[in-house]
Amino acid sequence: MAFTAFSAQTSAAEPAAKRRSPIALFLLLPGILYLILFFVTPLISLVITSFQEPDPVRFGSFVNAFRWENYVIVLETYGEQSLRSAGFAALATLFALLIGFPLGYFIGITLRPYPLLQGLALVLVIAPFFISFLLRTLAWKQIFSDEGPIAGVLGALAILPPGQAITGTAFSVIFGLTYNFVPFMTLPIYATLASLDLRLLEAGNDLYGSPAVTFRTVTLPLSAAGVMSGTLLTFIPAAGDYINASREFLGSTDTTMIGNVIETNFLVLQNFPAAAALSLVLMAAILILVSLYVRRSGTEELL
Amino acid sequence: MTNNEVPQGGFAEAGADLELVGISKRFPGFTAIEELDLTIPAGSFFALLGPSGCGKTTTLRLIAGLEEPTTGRILIGGRDVTSTRAYQRPVNTVFQSYALFPHMTIIENVAFGLKRRGIKNADPLAHEALQLVELDHVANRKPAQLSGGQQQRVALARAVVNRPALLLLDEPLGALDLKLRRQMQIELKDIQSEVGLTFLHVTHDQEEAMTMADTVAVMNKGRIEQMGNPQELYELPHTAFVATFLGQSNLFTGEVTSSGSSSISVDVSGTTIDVRSDRAQRHRGRVTVGVRPEKVTLHDSAPKQSSDRNVVGPGRVTDVSFSGVSTQYEVTLPTHGVVTVFSQNTSITAMHHDGDEVWLSWDVGHTFGLADESYTAAGSRFQDDTDTSMIATQSREKLEAELGAD
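Protein chains in written order, with our numbering: chain E, 3 to 305; chain R, 1202 to 1607.
Be a bit skeptical, because a hint or two may be false.
Covered stretches of chain R (in silico footprint by chain E; criterion: 3 or more residues with CB under 8 Å from a CB of chain E, positions within the stretch not fixed) [what the hints assert, rightly or not]:
hint, segment
1, 1462-1473
2, 1486-1499
If you anchor each label on the Cβ, the simulated ranges turn out as follows [said to hold, decoys possible]:
hint, chain 1, residue 1, chain 2, residue 2, range
3, E, 119, R, 1449, 24 to 32 Å
4, E, 299, R, 1274, 44 to 52 Å
5, E, 121, R, 1408, 15 to 23 Å
6, E, 214, R, 1397, 44 to 52 Å
7, E, 286, R, 1303, 30 to 38 Å
8, E, 199, R, 1229, 19 to 27 Å
9, R, 1228, E, 173, 32 to 40 Å
10, E, 119, R, 1397, 42 to 50 Å
11, R, 1388, E, 199, 22 to 30 Å
If you want a taste of the chain E side facing chain R, the calculated C-beta under 10 Å gives, among others [as the list claims (entries may be wrong)]:
hint, residue
12, 118
13, 199
14, 213
15, 224
It is worth saying that the hints were derived from the structure and are not from the lab.
Built from N, CA and C at the ideal position, the CB exists for glycine as well.
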């Protein structure tokens, strides 16, 4: 279902694949084993954990049970963080789209006659991945810190009130999320725009469509698959992100997202059933949101 | 970007004149078009004919506004449109690649231009245009569900529905099979005379250009070599390029020996070929003359010399290909190389066979003299082998070399 939307290029269904062949099954075996071992097994374990109850004898450990109240408790306790996660992720996705689309357009269409520059620009988009995600986020913390250049300039201009920090605010967390996920938005959009037939744009111009109208009626619908993949690739990990919003990085206790809550429950509070229940709630929420989104955007165009 | 700049409402009442004044287009490294002047009168069906890379498609793109000329002006119906953008020009194009919008249905494709211009009953008009190309029954399909020929007709409907003052056709029938192409040629011609638009048709297919257009311009290397109605171009080509590109020609190069008021005589390796003065582009020095294959008659014995016929021979028939209506003979002459002859199959007894000794003759009035410089005239040792005059001389030299080897 939703996962098929990740492939930016539409591919025709191959009728040959429908034939059952023992060789095909054999070739699929490593992949199936991998999924069973590293996806299905942990998932089942997570579901079992989420229904556990505290061991009445040994304090701090849990026994298997069917305590569905765990779900009610986590939803009541962490409702605020869940909503904040959805909101932050949605805003970061929007900003990443606003940055990623023009960037993808520039690389895929404007630079098309210059393959060397195109390659260089693509490397620049991917270049941040050469440095650890954590280091880059820490670097931004440094730049935004109270003694850093940005806070200094904004403070001197009286835009930033005295005593107000940039880090630890919703702004810095959304900024960090946007920054970290822009390449995931840019690359699929670039991929669809790079294969866009420019003669269609000429046809649009020839048929009395101004550049703006041609963009809206031709370019945008034909790049929808890339926008779709990009938003999913940004929104899903951003909603579960626990680095940007953590206190050690760009966040504070006011910006806690659901990822931080899960992390704290697993590693600090060692409340495994709560952490597992929250993880499953997050997973279900994302699956529901994404399938609604894919359906609304007209799947038959993309699949 | 305001939408007001788009020509709104209404259709062109009739086709408009197109005038190109001193147009040239240079790309980095090469010149696509050089100093092109061209006037296409309103309501005419004009064909721009040439081999690939001759600049004809660039010319079309300049007129459509998809490229900007390096120098010169473009006028449509007397209005200078050189500085306007493609979407502001009363021009529509049928693209070689069709360029149908893949995400829209056929009817949405056809109505696209009408909607951009704010025309109210866009959908009924689009259906009408689809009926014209007999594709109204597929109106709700996507372009990918149609065959190449159907897509081509949709592309045509999408352009014609706008009733542009000038319709540009870029090799629009290239992808069609012969039968469908014939049918579309007739349909196009009908549409043109029905709606009275000015059509500019770019093609490399000489037969298509000749059957459809009122006026044909033969283009080569960014220049128009010759322009006129198809018959005129065929009967009296001015250059070796036109003579060989538009139909087939037998060409002979030689020195002018006498130049009278009514005709000139050319000595071609010892044989005299006469050309009427008014049918010769050049009257002295080394010239190239020619005749169309179907004008040449074959004789079993030397025909009587007469002042109104050119006689060449004897030679040997080296190839006979029978095609029903006519027979094509290749006659090899020791001094003139290979001459092609088309002979109507009006009597069975007149057939010639491989190896027969034959003489050739044709009416002096059918001979044409070309404008091409002779290849020995220029001083340099190595000639530009793409020069038009070289086409005639090279092919002859090649054949002479082959004969020498025999």
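Here is what the structure says about each hint:
1. With 0 residues bearing a CB less than 8 Å from a CB of chain E, the segment 1462-1473 of chain R misses the requirement of three and the coverage assertion fails.
2. Coverage of a stretch by a chain is defined here by at least three residues with a beta carbon nearer than 8 Å to that chain's beta carbons; for the segment 1486-1499 of chain R and chain E the count is 0, and the condition is violated.
3. Look at residue 119 (chain E) against residue 1449 (chain R): about 49 Å separates their beta carbons, and that is not inside 24 to 32 Å.
4. Evaluation of the 44 to 52 Å hint for residue 299 (chain E) and residue 1274 (chain R) yields a pass: the beta carbon distance comes to about 47 Å.
5. Hint check: residue 121 (chain E) to residue 1408 (chain R), Cβ distance near 46 Å, so the stated range 15 to 23 Å is violated.
6. Checking the proposed 44 to 52 Å range against residue 214 (chain E) and residue 1397 (chain R) shows it is violated: the Cβ atoms sit about 33 Å from each other.
7. Between residue 286 (chain E) and residue 1303 (chain R) the Cβ separation comes to about 36 Å, which falls inside the hinted range of 30 to 38 Å.
8. For the pair residue 199 (chain E) and residue 1229 (chain R), the beta carbons lie near 24 Å from each other, so the given range of 19 to 27 Å is met.
9. The beta-carbon spacing between residue 1228 (chain R) and residue 173 (chain E), approximately 49 Å, falls outside the hinted interval of 32 to 40 Å.
10. Restraint check, residue 119 (chain E) to residue 1397 (chain R): a C-beta distance of roughly 48 Å satisfies the suggested window 42 to 50 Å.
11. In this structure, residue 1388 (chain R) and residue 199 (chain E) meet the distance hint of 22 to 30 Å, their C-beta atoms being roughly 27 Å apart.
12. Given hint, residue 118 (chain E) at the interface with chain R, is violated; its Cβ is 16 Å from that chain's nearest Cβ, farther than 10 Å.
13. Hint status for residue 199 (chain E) relative to chain R: holds, with the closest Cβ pair at about 7 Å, below 10 Å.
14. Given hint, residue 213 (chain E) at the interface with chain R, holds; its Cβ is 6 Å from that chain's nearest Cβ, closer than 10 Å.
15. Hint status for residue 224 (chain E): holds, given a least beta-carbon distance of 6 Å to chain R, under 10 Å.
When each numbered hint is compared with the structure, violations occur for hints 1, 2, 3, 5, 6, 9, 12.
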